[in-house]
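Participant: Chains as they are written, first to last, in numbering that gives the first Met the number 0: chain A, 0 to 300; chain B, 0 to 367.
Think of the hints as simulated: they come from the structure by calculation, not from any bench.
For clarity, every value in this text was computed on a predicted model and none was experimentally measured.
Keep in mind that the hints are not guaranteed to be accurate.
Each computed DSS-like pair below joins lysine-lysine, with the alpha-carbon atoms no more than 30 Å apart [claimed, not checked]:
#1 B/Lys-328 <-> B/Lys-121
#2 B/Lys-137 <-> B/Lys-121
#3 A/Lys-127 <-> B/Lys-84
#4 B/Lys-137 <-> B/Lys-328
#5 B/Lys-85 <-> A/Lys-127
#6 B/Lys-202 <-> B/Lys-221
Facing chain B, according to a computed beta carbon distance under 8 Å, are these residues of chain A, among others [unchecked claim]:
#7 Gly-31
#8 Ile-110
#9 Ala-114
#10 Thr-186
#11 Ala-274
Even for Gly, the Cβ is constructed at its ideal location relative to N, Cα and C.
Now for the letters of each chain:
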Amino acid sequence: MARANVKKSNWTIIVNLVLLVLVIIWSIPILGLFISSVRPQDNVLTTGWWTVFGEHGELTFDNYRQVLGGRGYTFVDSAGNTVRASGDNLSQAFLNSFTVTIPSVIIPILIASAAAFAFAWMIFPGRKFFFTTVVALLVVPLQIALIPILRDYQGLGLTGSYLGIWLAHTGFGLPLGIYLLYNYISTIPRDVFESAFLDGARPMIVFSRLVLPLSVPAIASLAIFQFLWVWNDLLVALVFLGGTADVAVLTQRLATMVGSRGQDWHLLTAGAFVAMVVPLAVFFGLQRYFVEGLMAGSVKG
Amino acid sequence: MMERRIEGKNLGAQALVAIGRVAVSLFVPIVAFVILWAGFVFLRDSNASQGIIALVAIIWGVGGVAMLFWVADWVVNRLPVMAAKKLQPFVFVGPALVILAWYLFLPTMRSLYLSFFDAQSKTFVGLANYVFAFTDSKMLESFVNNLLWIILGTGGAVGFGLVIALLADRSRFEKVFKSLIFMPMAISFVGAGVIWRFVYAYKPAGEDQIGLLNALVSLFGKDPQAWFTLRPWNNIFLIVILIWLQTGYAMVIISAALKGVPDSIIEAGRIDGAGEMRIIRSIIVPYIFSTLVTVSTTIIIISLKIFDIVFTMTNGNYGTEVIASMQYKQMFRFYHYGRGSAIAIVLVIAVIPVMWYNLRQFGKREGF
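Build the full structure now, drawing on both the sequences and the hints.
Facilitator: So, in structure tokens, the structure goes:
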């Protein structure tokens, strides 16, 4: 018995050590980004970020002030000169990202959950054909759609409008949304619906009172997926939102910075970190639902 | 006489009721439409501050969709019972079908059509674009690379995901470990590009290295390398980024499946004298096999469509081209719509086996 215990505690130490090594490897790139974002410009370009633990220890938040600030602002550089630099106004882009992302998450979820409900629990002509097509569309690369849709938008006056990009994200997000929610909604026990339908409840009532509340874990995990995808998307925003600064989202501004300030790594790192903050917060906040919902969608037992 | 009058009155009343019903049925959608239109005009022309516009836009967009569903359902329920029953499912599934047709289905059909035409989509060229897709040296290179992405990327992400999930299951600090491994999932490809520059950055020998990998190489007394020009290994350096991004996803799902393995089977294995490795190989892995397949499917599709990492890190140079980056270049750089469309169709065809597997799962479900 005692021997078994010794063996067991050795085993857990090894498990934790291996995990620790893996986690460190996984975290190092992000740590490097964060440290670089709080280092002065000259240091970022000349020495490795890990040297902050030694000789090049100075840290600064100037990079963040510069990327978030709107107009020009001044700071004192390492040589003691006062430097005036123009900011990148990421605050505005931050707000734009929210305006684009929130409806682009909620609208496809509303539409996808309604469709998934119909596919799972209603009889109508073409049900199997339509569902097959939806799953097939999962694999269509969205690049296919960019030019035809852009032409339609020019005809409708939707280019550069929020409505246009919401609809685009809805269209591109629907196949996965319907697929994931179908997997979940179709596993709700049949009796739950039977009694409701026998009582003569209208499908819309069944949908809004029963299906939606029961599907919260799946909806939450889909919401996280769609949120991460829309918030981090560059291509769709670039094509449908256009280049004007007053509607540009964070990734667009960041990509512009990569282009125009390719050498200003201290600003790029700060910008990249600003863009990461919200998705990380969303992920850690909704983590619990995420696991439950994904489970339901993918594990068949 | 009396009867007739009553009958007439009834008829008149019925007609009035019918007209009233139609009027109400029309009135509600019209009001809904006017509200939506007013919101649209406000958003288009208003000079209010950014914050207010954003708020109105969000409420209008989300509320509008919910209202459309509600109005459609309301109208359908005004119809005679038989018609209502027939139309009801389409209230739910209709919006999704319309949007999917517009955004994905029709563009795909259009690409299929255009793939038989020349660069300007004017002259019919038969299969010439497909011949190009399967013979051009850059295309062949991209096929080989994509295969590498699928095998190493999927294998790496699922392999690491499985190992980490199994280990974390046996650790007290499971949550912390899993959260940290999952973190890269929250990062955009643009952001990941910036992050990995600090790993792969290159400076000539003798200078201070700012890239982690070259600093390590220098530490062991070797010459620093320009990793992205180092064929054919540069593909693997790019695939590492995908593994880094996707392992968290594989881990979360596999880990959830592990929780579903009944303790009793594992216990039975222990009693029969099986070691930990044997239990994992002969009990746990077969039990969660369908989950492993689902996760692999998802990551195979991601690897097949991989674009952003290649595009931001090497732009397809130095022998790192993949199918999606070839498609993008033909379409948006050379404006050869025929070839671009053909490559896109090849990409769709390549996923058919994966798709077929997924469709088998759509069983013979009964509806109401």
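Participant: For each hint, tell me whether it holds in the structure or not.
Facilitator: Hints and how they fare:
Distance restraint check for B/Lys-328 and B/Lys-121: the Cα-Cα separation of roughly 20 Å lies within the 30 Å cut-off, and the hinted pair is therefore satisfied. With a C-alpha separation of about 25 Å, the suggested pair B/Lys-137 and B/Lys-121 falls inside the 30 Å cut-off, and the hint holds. For the hint linking A/Lys-127 to B/Lys-84, the alpha-carbon distance of about 19 Å falls within 30 Å, and the restraint holds. Taking the CA atoms of B/Lys-137 and B/Lys-328, the gap is about 12 Å. The hint holds against a cut of 30 Å.
With a CA separation close to 16 Å, the supplied pair B/Lys-85 and A/Lys-127 stays within the 30 Å bound. A threshold of 30 Å between alpha carbons decides the hint, and for B/Lys-202 with B/Lys-221 the separation of about 13 Å falls inside it, so the pair holds. This hint holds: A/Gly-31 has a C-beta 5 Å from the nearest C-beta of chain B, less than the 8 Å allowed. The criterion of a C-beta within 8 Å of any C-beta in chain B is met by A/Ile-110, whose closest approach is roughly 5 Å, and the hint holds.
With a least beta-carbon distance of about 4 Å to chain B, the hint placing A/Ala-114 at the interface is held under the 8 Å criterion. Nearest Cβ of chain B to the Cβ of A/Thr-186: about 10 Å, over the 8 Å cut. The hint is violated. Interface restraint check: A/Ala-274 against chain B, minimum CB-CB distance 6 Å, threshold 8 Å, status holds.
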